[in-house]
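2 protein chains.
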Amino acid sequence: MRQARRGAGRLRDDTERRGTRMVLRADARLRVAVVGTGLIGGSVLLRLHAVGVDVTGWDPDEQTRRQARLAGVPTAERLVDAVAGRDVVFLGGPLPTLPATLVEVAAATAEDCLLTDVGSTKAELAAFAAEQGLTSRFVPGHPMAGTDRAGLTAALPDLFTGAAWVLCPAPDGLAAFRRLVTLVTDVFAARVVPMAADRHDAVVALASHVPHLLAGALAGAAHRSPSRDAVLALAAGSFRDGTRVAGTPAHRTGNMLRGNRDQVLAALTQVTGFLDELAAALRCDDVDALTARYAEAAAARAELAGRPYDEQVMSFPVGAAAAEVAWLYDVGAAGGHLSGCRAGADTVSYVARRPRV
Amino acid sequence: MRQARRGAGRLRDDTERRGTRMVLRADARLRVAVVGTGLIGGSVLLRLHAVGVDVTGWDPDEQTRRQARLAGVPTAERLVDAVAGRDVVFLGGPLPTLPATLVEVAAATAEDCLLTDVGSTKAELAAFAAEQGLTSRFVPGHPMAGTDRAGLTAALPDLFTGAAWVLCPAPDGLAAFRRLVTLVTDVFAARVVPMAADRHDAVVALASHVPHLLAGALAGAAHRSPSRDAVLALAAGSFRDGTRVAGTPAHRTGNMLRGNRDQVLAALTQVTGFLDELAAALRCDDVDALTARYAEAAAARAELAGRPYDEQVMSFPVGAAAAEVAWLYDVGAAGGHLSGCRAGADTVSYVARRPRV
Numbered sequence: 001m002r003q004a005r006r007g008a009g010r011l012r013d014d015t016e017r018r019g020t021r022m023v024l025r026a027d028a029r030l031r032v033a034v035v036g037t038g039l040i041g042g043s044v045l046l047r048l049h050a051v052g053v054d055v056t057g058w059d060p061d062e063q064t065r066r067q068a069r070l071a072g073v074p075t076a077e078r079l080v081d082a083v084a085g086r087d088v089v090f091l092g093g094p095l096p097t098l099p100a101t102l103v104e105v106a107a108a109t110a111e112d113c114l115l116t117d118v119g120s121t122k123a124e125l126a127a128f129a130a131e132q133g134l135t136s137r138f139v140p141g142h143p144m145a146g147t148d149r150a151g152l153t154a155a156l157p158d159l160f161t162g163a164a165w166v167l168c169p170a171p172d173g174l175a176a177f178r179r180l181v182t183l184v185t186d187v188f189a190a191r192v193v194p195m196a197a198d199r200h201d202a203v204v205a206l207a208s209h210v211p212h213l214l215a216g217a218l219a220g221a222a223h224r225s226p227s228r229d230a231v232l233a234l235a236a237g238s239f240r241d242g243t244r245v246a247g248t249p250a251h252r253t254g255n256m257l258r259g260n261r262d263q264v265l266a267a268l269t270q271v272t273g274f275l276d277e278l279a280a281a282l283r284c285d286d287v288d289a290l291t292a293r294y295a296e297a298a299a300a301r302a303e304l305a306g307r308p309y310d311e312q313v314m315s316f317p318v319g320a321a322a323a324e325v326a327w328l329y330d331v332g333a334a335g336g337h338l339s340g341c342r343a344g345a346d347t348v349s350y351v352a353r354r355p356r357v
Numbered sequence: 001m002r003q004a005r006r007g008a009g010r011l012r013d014d015t016e017r018r019g020t021r022m023v024l025r026a027d028a029r030l031r032v033a034v035v036g037t038g039l040i041g042g043s044v045l046l047r048l049h050a051v052g053v054d055v056t057g058w059d060p061d062e063q064t065r066r067q068a069r070l071a072g073v074p075t076a077e078r079l080v081d082a083v084a085g086r087d088v089v090f091l092g093g094p095l096p097t098l099p100a101t102l103v104e105v106a107a108a109t110a111e112d113c114l115l116t117d118v119g120s121t122k123a124e125l126a127a128f129a130a131e132q133g134l135t136s137r138f139v140p141g142h143p144m145a146g147t148d149r150a151g152l153t154a155a156l157p158d159l160f161t162g163a164a165w166v167l168c169p170a171p172d173g174l175a176a177f178r179r180l181v182t183l184v185t186d187v188f189a190a191r192v193v194p195m196a197a198d199r200h201d202a203v204v205a206l207a208s209h210v211p212h213l214l215a216g217a218l219a220g221a222a223h224r225s226p227s228r229d230a231v232l233a234l235a236a237g238s239f240r241d242g243t244r245v246a247g248t249p250a251h252r253t254g255n256m257l258r259g260n261r262d263q264v265l266a267a268l269t270q271v272t273g274f275l276d277e278l279a280a281a282l283r284c285d286d287v288d289a290l291t292a293r294y295a296e297a298a299a300a301r302a303e304l305a306g307r308p309y310d311e312q313v314m315s316f317p318v319g320a321a322a323a324e325v326a327w328l329y330d331v332g333a334a335g336g337h338l339s340g341c342r343a344g345a346d347t348v349s350y351v352a353r354r355p356r357v
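Residue numbers (our numbering), protein chains in the order written: chain A, 1 to 357; chain B, 1 to 357.
In case anyone wonders, no lab produced these hints; they're calculated from the structure. Please read all numbers here as calculations on a predicted model, not as lab measurements. Any given hint could be a false lead.
Said to hold, decoys possible - Reference excerpt, derived from the structure (chain B facing chain A, CB under 7 Å, subset only): (1) L282; (2) T291; (3) V351.
Stated by the list, open to error - Computed Cβ-Cβ distance ranges for the label pairs, DEER-style: (4) B:G306 - A:S315: 14 to 24 Å; (5) B:H251 - A:P94: 41 to 51 Å; (6) B:A292 - A:L70: 33 to 43 Å; (7) B:H251 - A:D346: 43 to 53 Å; (8) B:R307 - A:A71: 31 to 41 Å; (9) B:R307 - A:S315: 35 to 45 Å.
Said to hold, decoys possible - Which residues of chain B face chain A? A partial, calculated answer using Cβ under 7 Å: (10) G242; (11) R244; (12) L278; (13) E303.
The C-beta atom is built at its ideal place from N, Cα and C for all residues, glycine as well.
Only chain A is shown next, with the shape it has when bound in the complex (with noise of 0.2 Å):
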């Protein structure tokens, strides 16, 4: 027992020294790269440089470069010298390209370089990492964060503190997660909020894609509309709230719905149908049925103000990839998120911060 106790604690010693905590305390060579540098891939960029860690930037498009190297981070002229020898990379650009963009990295690094993307859909992706053997270094991820400019030039060092950071555990990839929850949580102050790929698309088609087409009609509308001026002018906070991201550029825009089309489809119609009901209730003048409709709606919003979490600590032992993955899901699906992550040879254990039931 004592033995075993000896042996408990010389693993836990060993799980401290090796753990993925330390990526940045006891790993300070951690060699990082990011493949394509727009406003999120930049921004990732631009964070990893801010706080020391080794990393080259690239993008396609050479003025993006030119812009990286102003800002004084390292960016390599052919992507294969950005991702050479490196321990982590992180792919961005627009949505179309990231399949063909993950065949190039995975081509060009080694079979324990750590892939991850910053997408805004997820399963298409999934499903093709799938087909090409690389579930097991390959994380599908979702940085929940933007603003309604695009490039590097907008990017921003600190965009991703506080927010949620979307990763999908799959049962064999879960040392390349690992060590990404780490990461993001280190080295961005994200949320980490793990999800299937295919749970987060309906997810986001509600908590992000529908908001887009909304934005898109009520300005569009107000545009055709033969009051157009009077409307802009007499724009409140309601319109212009409800139409800022009506103002991103329409191509991003028209990738990020395309992405995750029928899950979108699917969560326009539970919008609409709410929006029939407000109406139904508007036509007959029920006041009622408008204040209990609204209620709703308060309740949903008074949540979006702080809820209250309750810290959990869990562990596993590193072999029960199924139990592990099914928590993971079940923290993302509470609405819960991962400020941590420690990973031994033979322990895995995560703080996890689910809402207060």
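Given chain A, put chain B in place with the hints provided.
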């Protein structure tokens, strides 16, 4: 000729001495009341008090009156005491209460006491005022600012700075309108948008009321979603912005929508029509159509960010009511606003700013 010119010169002096521009400067004894001092009326009250106008507030709610007194603002115990002997009375409070408040305040004030309201719809109240024979002294108004909170404790003296403030000039109420233009531009630093009452309601249906419906539908659908917790956890800027006004008090939103029902339903049809086009383009994966629709949306959005204005000074003989009203409506329809008014015995002149074409 010379005498005529001298005459004109005297006229101008007269204008400046008696003009409404001097409501505050020369007429330091202006006495104002605000009846109904929630978020909007309360902000009007705080601003008037802050700039040194002799103002008294009143609210049917005893706690609100106490809050006003605690804030050091003169507040009467009875409506009649608040409005007696006043030159201008602002009417606030819930939309459905405004007709009764108008009748009560009109009965308690002299014929030359100017009345205006701060409600979010205008046609019904304007028609009611006409029935009551109050057009010559009641000017329907709508300051277009707010927050998602309610009550005097949420009121802010600077709430209307730079905001659009619709005032509805009637041919037989121009004298009152001109005085109010000066008061609103001088005291509140707002942009006065002159507009017919029914036109206002059609415009705000799209600029403000439908955005409230969309926000309610989005937040309500999220509330009912089986993925509710995950949706709220992943809610990024687009969802937060798009649902902000769903957090406003349900009864206030309900009153606003019901007070403008037909116009809101008509504007909603325009927006859902555009939404259907976006959904159809997405369903067919028609990139060009999707991008073209978003380009329309972005065009409207871009103008919100800032439009260049041309300034214009326009004068009318005091008796030319039809021409004056027609020009005022045209300024509002063009997305313009008034930044000043000088009314003399024979001539009235406005400073207008119109979006450059």
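Here is what the structure says about each hint:
no. : hint                        : verdict
1   : L282                        : holds, 5 Å
2   : T291                        : holds, 5 Å
3   : V351                        : violated, 16 Å
4   : B:G306 - A:S315: 14 to 24 Å : violated, 55 Å
5   : B:H251 - A:P94: 41 to 51 Å  : holds, 46 Å
6   : B:A292 - A:L70: 33 to 43 Å  : holds, 35 Å
7   : B:H251 - A:D346: 43 to 53 Å : violated, 59 Å
8   : B:R307 - A:A71: 31 to 41 Å  : holds, 33 Å
9   : B:R307 - A:S315: 35 to 45 Å : violated, 59 Å
10  : G242                        : holds, 4 Å
11  : R244                        : holds, 5 Å
12  : L278                        : holds, 6 Å
13  : E303                        : holds, 5 Å
Going down the numbered hints, you'll see the structure goes against 3, 4, 7 and 9, while the others check out.
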